[in-house]
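Peer 1: Generate coordinates for the entire structure from the input sequences, incorporating the hints supplied.
Taken in order, these protein sequences are the chains called A and B.
With the first letter of the first sequence counted as 1, position 266 gets the number 266 in the numbering used here; the numbers rise by one all the way through.
Each number in the numbering used here comes from the position in the second sequence (counting from 1) with 568 added on.
The hints are simulated quantities; they were obtained by calculation from the structure and are not laboratory data.
All values derive from a computational prediction rather than experimental measurement.
You may find that some hints are simply not true.
Said to hold, decoys possible - The following label-pair restraints were derived from C-beta to C-beta distances: (1) Ala620(B) with Asp442(A): 22 to 28 Å; (2) Ala616(B) with Asn77(A): 34 to 40 Å; (3) Ala196(A) with Leu876(B): 55 to 61 Å; (4) Ala34(A) with Ala792(B): 53 to 59 Å; (5) His624(B) with Val484(A): 20 to 26 Å.
Heads up, the beta-carbon is just placed ideally off N, CA and C, and yes, glycines get one too.
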Amino acid sequence: MTRSSKIRSFGAVLCAAAIAAACGPTSTPSEALAADQTYRFGITDDVTSIDPGHVITAVDIVVISEVFTGLYKFDNNLKIQPSGATALPTISPDGKTWTFNLRKDMVFSNGDKITSADWVYSWTRTLRLNDAYASNLEPIMGATDVEAGTATKIAGLSAPDAYTLVAKLVAPAGYWLTELAMPVATEVVDQKVITAAGEDTWTNSPSTYIGSGPFKMTQRTPKAAMDFQPVKNWWGGDTGKLTAVHIDIGLDDVSRVKKFESGGYEVVGPANSQPGPDDVLRYRNDPIKSKLLNVYVGGRTTAVGFNFTKGPFAQKPGVTPGDSTVNASDPGLDGRRAFSMAIDRVQLADIACAHAVTCQPAYGGPITKGFIAYAGDNTDTYAKFDAGAAKALYTKWDPDGSKVKGLEYRYNTSAGNTKIATNLQAQWKQNLGVDVKLVPSDFPTLVKDRQGKKTIIFRESWGIDYDHPQDWFDNLFICSQAKVGRGNNEGYCNPALDAIVSAANAKPITDPATVAEYNKASKMIVNDVVWATLFYGTQPYLTQTYVRGTGYNGLYDYNWEGIRLLQH
Amino acid sequence: MSRGTLVYATQRLVLITFTAIVVSSIVFIGVHQLPGNAIASEKRLNPATEAALLHHYHLDLPWPQQYLLWLQGLAHGDLGESLVNQGVAITPLLTRELRVSVTLGLAAVVVTVVVGMSLGVLAAIRQNTWVDYTASTAAVIGYSVPSFVWAFLLILLTVTGFYAWSQGQIYEDIGWGKIEQIPVPAFALGLPYAAIVARLTRASMLEVIRQDYVRTAWAKGLSARVVILRHALRNALIPVATILGPLITGIITGSVVIEFLFGIPGLGKEFVTSILSRDYNIVIGVFTFYAALVGLANLIVDLLYPILDPRIRYGN
Numbered sequence: 001m002t003r004s005s006k007i008r009s010f011g012a013v014l015c016a017a018a019i020a021a022a023c024g025p026t027s028t029p030s031e032a033l034a035a036d037q038t039y040r041f042g043i044t045d046d047v048t049s050i051d052p053g054h055v056i057t058a059v060d061i062v063v064i065s066e067v068f069t070g071l072y073k074f075d076n077n078l079k080i081q082p083s084g085a086t087a088l089p090t091i092s093p094d095g096k097t098w099t100f101n102l103r104k105d106m107v108f109s110n111g112d113k114i115t116s117a118d119w120v121y122s123w124t125r126t127l128r129l130n131d132a133y134a135s136n137l138e139p140i141m142g143a144t145d146v147e148a149g150t151a152t153k154i155a156g157l158s159a160p161d162a163y164t165l166v167a168k169l170v171a172p173a174g175y176w177l178t179e180l181a182m183p184v185a186t187e188v189v190d191q192k193v194i195t196a197a198g199e200d201t202w203t204n205s206p207s208t209y210i211g212s213g214p215f216k217m218t219q220r221t222p223k224a225a226m227d228f229q230p231v232k233n234w235w236g237g238d239t240g241k242l243t244a245v246h247i248d249i250g251l252d253d254v255s256r257v258k259k260f261e262s263g264g265y266e267v268v269g270p271a272n273s274q275p276g277p278d279d280v281l282r283y284r285n286d287p288i289k290s291k292l293l294n295v296y297v298g299g300r301t302t303a304v305g306f307n308f309t310k311g312p313f314a315q316k317p318g319v320t321p322g323d324s325t326v327n328a329s330d331p332g333l334d335g336r337r338a339f340s341m342a343i344d345r346v347q348l349a350d351i352a353c354a355h356a357v358t359c360q361p362a363y364g365g366p367i368t369k370g371f372i373a374y375a376g377d378n379t380d381t382y383a384k385f386d387a388g389a390a391k392a393l394y395t396k397w398d399p400d401g402s403k404v405k406g407l408e409y410r411y412n413t414s415a416g417n418t419k420i421a422t423n424l425q426a427q428w429k430q431n432l433g434v435d436v437k438l439v440p441s442d443f444p445t446l447v448k449d450r451q452g453k454k455t456i457i458f459r460e461s462w463g464i465d466y467d468h469p470q471d472w473f474d475n476l477f478i479c480s481q482a483k484v485g486r487g488n489n490e491g492y493c494n495p496a497l498d499a500i501v502s503a504a505n506a507k508p509i510t511d512p513a514t515v516a517e518y519n520k521a522s523k524m525i526v527n528d529v530v531w532a533t534l535f536y537g538t539q540p541y542l543t544q545t546y547v548r549g550t551g552y553n554g555l556y557d558y559n560w561e562g563i564r565l566l567q568h
Numbered sequence: 569m570s571r572g573t574l575v576y577a578t579q580r581l582v583l584i585t586f587t588a589i590v591v592s593s594i595v596f597i598g599v600h601q602l603p604g605n606a607i608a609s610e611k612r613l614n615p616a617t618e619a620a621l622l623h624h625y626h627l628d629l630p631w632p633q634q635y636l637l638w639l640q641g642l643a644h645g646d647l648g649e650s651l652v653n654q655g656v657a658i659t660p661l662l663t664r665e666l667r668v669s670v671t672l673g674l675a676a677v678v679v680t681v682v683v684g685m686s687l688g689v690l691a692a693i694r695q696n697t698w699v700d701y702t703a704s705t706a707a708v709i710g711y712s713v714p715s716f717v718w719a720f721l722l723i724l725l726t727v728t729g730f731y732a733w734s735q736g737q738i739y740e741d742i743g744w745g746k747i748e749q750i751p752v753p754a755f756a757l758g759l760p761y762a763a764i765v766a767r768l769t770r771a772s773m774l775e776v777i778r779q780d781y782v783r784t785a786w787a788k789g790l791s792a793r794v795v796i797l798r799h800a801l802r803n804a805l806i807p808v809a810t811i812l813g814p815l816i817t818g819i820i821t822g823s824v825v826i827e828f829l830f831g832i833p834g835l836g837k838e839f840v841t842s843i844l845s846r847d848y849n850i851v852i853g854v855f856t857f858y859a860a861l862v863g864l865a866n867l868i869v870d871l872l873y874p875i876l877d878p879r880i881r882y883g884n
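Peer 2: Written as structure tokens, this is what we have:
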């Protein structure tokens with residue numbers, strides 16, 4: 001078996017393991033449960049915010065998804081299930097009016113009843129706060145006015161009765177249901193509590209941190225620990241077997257694994273706080289310990305980005321970001337192709353990802369393997385390593401080396417990123433004969449320079465927010481993002497792609513034709529080599545043998561309701 | 569406490585306050601010259617929202633103006649709000665973390681003094697025997713190995729090792745909150761300094777036990793315990809006490825690594841995480857607390873001198 005086939009096989013095993021784990025039963029009648037059902041794990045960083053209106057990070061999402069509920073939720077297989085709504089929405093034939101029937105038995109953990117007025121308040125508040133995920137509500141007519149502060153009510157949102165919510169959209173949005181299922185921004189919050197405890201302070205104390213989810217916070221010491229307990233008589237039904245959840249904050253990956261090994265934790269991995277690469281390797285190579293290691297597909301793609309508006313790789317040099325870069329002559333195309341084909345992704349993953357355990361080489365375009373509209377294995381022609389062809393293409397494109405003189409690769413410093421950058425530099429030198437200077441910086445500086453289109457080739461990556469291709473295209477590849485300097489760091493602007501994405505966005509993702517349209521858009525990204533896609537993420541977990549029901553669905557940790565601890 | 573000592577302590581407290589303000593001002597100016605800010609994110613953040621956040625934290629103002637606002641807050645004991653963890657007030661956070669660090673630091677000082685002096689006294693009274701050689705060798709090893717290496721070794725031994733050997737019955741529970749979680753990090757932090765104290769105590773004791781008054785004590789037929797502990801050790805302590813100031817400073821700064829490795833929610837860990845996450849407000853606050861802490865620790869050591877040696881007087 002060659003190294004690449006080993007990795008492919010490993011990838012297949014990963015997917016199978018993830019699917020099998022996700023589809024597994026949530027409980028078995030014959031299980032002998034431990035007397036103490038306290039689930040413990042550690043995380044590196046504290047929450048950024050546990051207010052659904054402000055949530056940003058993976059850790060925030062872990063808390064929000066257990067303490068609050070939205071109209072819909074993802075199950076462990078990333079399938080959308082009704083939560084606060086009784087069923088999927090009724091959508092008008094023109095796709096612009098969505099009617100949600102709400103559950104009548106829904107209450108907050110303090111006993112306050114939840115009606116449509118609470119949803120209107122919560123969504124309006126999220127838009128007024130206008131933080132990172134407020135955009136999930138932007139499809140509603142008038143939402144952007146609330147974000148801008150020019151309106152206090154969402155014009156397109158109404159509550160005809162206490163248990164019905166009607167949203168009128170600006171345009172049909174097939175992706176909106178997926179956005180509504182994401183455990184951020186659209187959760188219902190208790191107006192009475194927020195008003196009484198204070199808009200900025202209600203999340204500070206467990207007594208005022210009131211949600212409607214299956215768990216409630218019982219203690220919080222910032223940067224030290226958080227504790228949770230199931231809500232008694234939860235309106236949603238069974239909260240599972242766990243009686244308490246304890247989260248330590250601030251332990252690095254090595255300490256978390258040590259504590260796991262001494263029985264102090266049930267799992268290492270939740271809330272994006274996975275074990276380090278060295279420990280993952282140690283576990284993988286140990287025949288007994290390897291049984292505790294699960295490696296799940298992770299929704300992240302890492303790539304090299306090329307500047308499309310200036311520098312040697314530009315599609316249309318000198319164009320203003322946001323204006324079309326489409327150019328039949330495309331003077332940078334062969335350079336982008338050569339630089340992509342000169343990268344042996346197997347070697348890169350071997351070096352940068354603990355022998356390809358913590359990532360998989362990417363050969364199928366930007367959308368991560370395992371997620372909707374993934375283009376398919378080996379569909380990215382220019383991701384296939386071919387040193388000879390790359391060198392020939394490069395020599396034709398830049399015969400005297402003048403185009404890449406002084407070329408800088410920009411990245412933000414971290415142990416992993418430095419390994420990647422160093423390997424890329426070595427491969428470009430070896431396979432193209434090009435000297436690329438590595439320029440590390442802190443993350444905010446890289447973000448600022450990338451968004452300002454000051455970088456020529458640079459580290460690029462995207463962690464999926466929700467499993468819908470719209471999340472990729474609308475954030476990373478459409479013209480308007482290049483214009484406002486948010487996503488689309490490359491400045492790539494192809495009106496034809498915008499049209500395809502816009503049309504696909506309007507249709508339900510359940511329609512195979514919609515996926516085909518997104519695939520077509522992916523193909524355009526691949527052909528134009530907007531990214532030299534490097535690898536897809538994985539999520540390693542260590543789980544004690546007596547733990548059942550933990551796992552990762554590619555984007556989020558499995559819900560705590562399904563977790564139980566067996567006698568041990 | 570004599571009037572002179574009181575005046576001395578008051579003067580030092582004023583100086584400590586001044587030093588803390590100067591240190592924090594330098595840090596304030598320094599961090600505000602760094603590029604980027606804690607709010608910069610890979611996730612899409614509406615420019616208006618980013619502007620509102622910058623305004624909320626006064627980061628949109630020129631830094632001299634921010635500095636004045638910060639000084640105003642400091643005068644009221646308010647060090648502001650975390651830039652990264654929304655809604656987390658810094659003063660109560662750092663006060664809690666200070667308590668944790670002081671607890672760990674005091675435990676480390678106990679380790680340093682008890683282990684160091686015991687080894688030093690043993691080596692001195694059993695000079696040129698296997699006890700002396702063993703204690704001296706242990707001391708050399710002790711101060712040759714930095715505290716973070718001790719930390720890793722102790723974690724390996726007490727967490728993984730003990731757990732495996734005892735079939736899960738005995739092991740170090742990494743973290744903080746239980747009294748049994750204090751000794752191991754305290755040892756990791758205190759051992760290198762204990763080695764220094766041991767060497768110093770040995771040298772000092774060797775000098776003192778040859779003094780006439782000690783010989784007289786032996787001649788009077790006093791017990792070994794009384795001669796060593798009451799007559800010799802007390803005088804031998806003075807040179808040891810002189811290094812306690814820098815030693816405590818070392819323990820305080822050393823806690824940065826130890827707290828991080830053991831997941832102890834103290835000032836040391838905050839020091840690292842706040843810098844890595846660019847939480848400027850906390851960085852400034854941590855430096856302020858550290859400056860005050862080091863100053864206070866040295867003041868306490870200085871106030872111990874007159875107790876150990878009545879010949880030392882302040883204010884005359």
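Peer 1: With reference to the structure, classify each hint as holding or not holding.
Peer 2: Here is what the structure says about each hint:
As the Cβ distance of Ala620(B) to Asp442(A) is approximately 23 Å, the hint placing it in 22 to 28 Å holds. Judged by the Cβ atoms, the range 34 to 40 Å given for Ala616(B) and Asn77(A) holds: they are separated by roughly 37 Å. Range check, Ala196(A) to Leu876(B): about 57 Å between beta-carbon atoms, so the 55 to 61 Å window is met. The beta-carbon spacing between Ala34(A) and Ala792(B), approximately 55 Å, falls within the hinted interval of 53 to 59 Å.
Against the hinted window of 20 to 26 Å, the Cβ-Cβ separation of His624(B) and Val484(A) comes to about 22 Å, which satisfies the hint.
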